[in-house]
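Start from the sequences, fold in the hints, and give me the full structure.
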Amino acid sequence: MEKKRTNPFILIVLSLFSLACLIPFWLVFMISVADEDWVTANGYSFWPGKFSLVAYQYLFEDAGKIMRAYGVSASVTLIGVVVSLFVTSAMAYALSRKEFPLRGALSFYILITMLFSGGLLPWYLVYTRFLHVQDTLMALIIPGLIGGFNVIIMRTFFTNSIPPSLIDSSQIDGAGEFRTYFSIILPLSLPVMATIGLFTTVSYWNDWFTSLVFIQNEKLFSLQYLLTKTLMNASFLQTIANKAYSSTAQVTTPLESIRMAMAMIAIGPLVLVFPFLQKYFVKGLTVGAVKG
Amino acid sequence: MASESNSKWKSIWKYRALVVLALPGVLLILINNYLPMFGIFLAFKDLNYTAGIWGSKWIGLDNFKFLFASNDAWLIIRNTLLYNLSFLIINTILAVMLALLLNEVKNKFASKFFQSTVILPNFISMVIVGYIVYGFLNPELGFINKFILEPFGIDPRNWYAEAEHWPYILTLVNTWKGVGYSAVVYLAAIVGIDSEYYEAAVIDGASRWKQMTKITIPLIAPIIIIMTLLAIGRIFNADFGLFYQATMASGMIKETTDVIDTYVYRALMVTGDTGLASSAGLLQSVVGFTLVITVNLAVRKFSKENALF
Chain A
1 MEKKRTNPFI LIVLSLFSLA CLIPFWLVFM ISVADEDWVT ANGYSFWPGK FSLVAYQYLF
61 EDAGKIMRAY GVSASVTLIG VVVSLFVTSA MAYALSRKEF PLRGALSFYI LITMLFSGGL
121 LPWYLVYTRF LHVQDTLMAL IIPGLIGGFN VIIMRTFFTN SIPPSLIDSS QIDGAGEFRT
181 YFSIILPLSL PVMATIGLFT TVSYWNDWFT SLVFIQNEKL FSLQYLLTKT LMNASFLQTI
241 ANKAYSSTAQ VTTPLESIRM AMAMIAIGPL VLVFPFLQKY FVKGLTVGAV KG
Chain B
1 MASESNSKWK SIWKYRALVV LALPGVLLIL INNYLPMFGI FLAFKDLNYT AGIWGSKWIG
61 LDNFKFLFAS NDAWLIIRNT LLYNLSFLII NTILAVMLAL LLNEVKNKFA SKFFQSTVIL
121 PNFISMVIVG YIVYGFLNPE LGFINKFILE PFGIDPRNWY AEAEHWPYIL TLVNTWKGVG
181 YSAVVYLAAI VGIDSEYYEA AVIDGASRWK QMTKITIPLI APIIIIMTLL AIGRIFNADF
241 GLFYQATMAS GMIKETTDVI DTYVYRALMV TGDTGLASSA GLLQSVVGFT LVITVNLAVR
301 KFSKENALF
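Line by line, the protein sequences are chains A and B. The first sequence begins at 1 in full-length UniProt numbering and counts up one residue at a time. The second sequence begins at 1 in full-length UniProt numbering and counts up one residue at a time.
Mixed in with the good hints there might be a few duds.
[Said to hold, decoys possible] Straight line, CA to CA, 20 Å or less: simulated SDA-like cross-link-like pairs of lysine to any residue: (1) B/106 - A/11; (2) B/112 - A/280; (3) B/8 - A/103; (4) B/112 - A/6; (5) B/146 - A/42; (6) B/8 - A/99; (7) A/283 - B/81; (8) B/108 - B/193; (9) B/10 - A/105; (10) B/8 - A/108; (11) B/106 - A/99; (12) A/283 - B/188; (13) B/254 - B/81; (14) A/98 - B/10; (15) B/106 - A/105; (16) B/210 - A/9; (17) A/283 - B/210.
The hints are simulated quantities; they were obtained by calculation from the structure and are not laboratory data.
Below, the structure written as structure tokens:
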């Protein structure tokens, strides 16, 4: 019989690897809870000599900008994911039907997008000079709504896991394509919807590039873009801290820890839900890698 | 002929509900992918916003001449290729090793834990990666300067101004972020191997090491090859986020950190040089297209079902 014990050497190596993956987050966390004077004297440490929660106090007392960015990110993500799932699954359902006469043509239509792209400049011009959506939430939502790979993954799921006889019998009972899609396909495709939905959620939530390209209006900054600005532009960080300055009786503004506290607030939701959704993530990684 | 196309239209009409279901997706792909594709002719124009896209003058290959005259072209192509190549080699080797190790973990809970932690960096945005790198490399307060170099009496480095360190830094960051993802993909392939092979090997008295080198690695080799070929197909496309956020878009280290994608972005959004942006963009698209087609032919040779088409 095979032993059920893992080689301790392997466990040590894997533990070190896991540690290497986690420890950078710890550094960011420690800077965010470190005392500002201690940090400016000693530097960023994995265990600061003096702790302080003033940075978080600052951010919560003048939470306006961050709450707003949170709101932008949350609404873009929510709308984007819901619409994207509908659009992707509807197209995938049409493609999964063997009788559909445009099946081949549409598959080719999708395939081309995976082979060739027009590049950044024409793409930018389509959104700004043709659709005129710059500086609107639409510019953050539309680009992520559909992706060729997701359509193909869903189509494969529909063809492999939903027996055609089920569709036939529902249509013999008089259900049209829409009824079939809503009352048979959608309820049966929960696993693939969950996986693709999660991946779309992460890509909307983590997106900062579309903001970088399309958004000038500070009120429409997403959380990730606000963070980008804060990191790259010291005076932008100052404006966030300055507003809070008047309301707190602190002498030095804890700029260093405020910056990292903002990063912690952005990582927070993801790290909290991650352990619960991990199995879908892993499933999704393998779904995406093995094309059907 | 006429009746044939007539019956085609008839059958499309019969399935018009499916056409309606597919339509939103078709339109979105048209906007997001096809309209920009038609825009590639801009690379041959002197784009002028006041004259408009149609009114701008045709200038033939002048944009390309300008691009290659500047020396930047060779620099960004070299950087893009070298980075992607080293990412590919290092990531593949480490990911296969990590997958083999993960496969040896018998305890289910421990296995889940290790898998979660190694893929966590993959789900963090590049913005946060930029913060992490800054935590280590901040010239005045960063962990490396203050707690590694200073105690050993080494002068602190001005990381964001010294180009020579960045090939190592960016490779390390890329590995940290991406290796867990690839390892989990390989692990799925390993888990899918028929256990009979191992049972037979155990009866023959093969050690774990022998099983690994004689069964596991040969059986996942096709997937390693396909993943590698697909990565080669994308070798002209750099990860914009990595090169923009991790370097904090510092202009002083461009020599080793400027890649095609950052160059196109800067030409379009910062310097406003649309000629460079469109010509470098088209170059990238055409080379990328050629590579994907070639690689796909190669993948088809290995295994038809893994080819893109």
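Now for the hints, and whether the structure bears them out:
1. A threshold of 20 Å between alpha carbons decides the hint, and for residue 106 of chain B with residue 11 of chain A the separation of about 10 Å falls inside it, so the pair holds.
2. Distance hint between residue 112 of chain B and residue 280 of chain A is fulfilled; the C-alpha atoms sit about 12 Å from each other, no more than 20 Å.
3. Taken as a hint, the residue 8 of chain B and residue 103 of chain A pair is honoured in the structure, with Cα atoms around 13 Å apart against an allowance of 20 Å.
4. About 14 Å separates the Cα atoms of residue 112 of chain B and residue 6 of chain A, which keeps this hinted pair within 20 Å; it holds.
5. For the proposed pair residue 146 of chain B and residue 42 of chain A, the alpha carbon gap of about 7 Å is at most 20 Å, so the pair holds.
6. Of the pairs offered as hints, the one joining residue 8 of chain B and residue 99 of chain A holds, with about 12 Å between alpha carbons and a cut-off of 20 Å not exceeded.
7. For the suggested pair residue 283 of chain A and residue 81 of chain B, the alpha carbons sit about 31 Å apart, so the restraint of at most 20 Å is broken.
8. Between residue 108 of chain B and residue 193 of chain B, the direct Cα distance comes to roughly 18 Å. Compliance with the 20 Å bound is thereby established for this hinted pair.
9. For the hint pairing residue 10 of chain B with residue 105 of chain A, the CA-to-CA distance comes to about 16 Å; that is within 20 Å, so the pair holds.
10. Our distance criterion of 20 Å between C-alpha atoms is met by residue 8 of chain B and residue 108 of chain A, whose separation comes to about 18 Å.
11. In summary, the hint linking residue 106 of chain B to residue 99 of chain A is not supported, as the alpha carbons are separated by about 47 Å, beyond the 20 Å threshold.
12. With a C-alpha separation of about 9 Å, the suggested pairing of residue 283 of chain A with residue 188 of chain B holds against the 20 Å cut-off.
13. For a cut-off of 20 Å, the pair hint linking residue 254 of chain B to residue 81 of chain B stands: about 15 Å separates their Cα positions.
14. Proximity of residue 98 of chain A to residue 10 of chain B is assessed by CA-CA distance (about 16 Å); at most 20 Å being required, the pair is judged to hold.
15. Distance check on the hinted pair: residue 106 of chain B and residue 105 of chain A sit about 48 Å apart at the alpha-carbon level, beyond 20 Å; violated.
16. Taking the CA atoms of residue 210 of chain B and residue 9 of chain A, the gap is about 17 Å. The hint holds against a cut of 20 Å.
17. Of the pairs offered as hints, the one joining residue 283 of chain A and residue 210 of chain B is violated, with about 29 Å between alpha carbons and a cut-off of 20 Å exceeded.
Consistency with the previously given hints fails for numbers 7, 11, 15, 17, ordered from lowest to highest.
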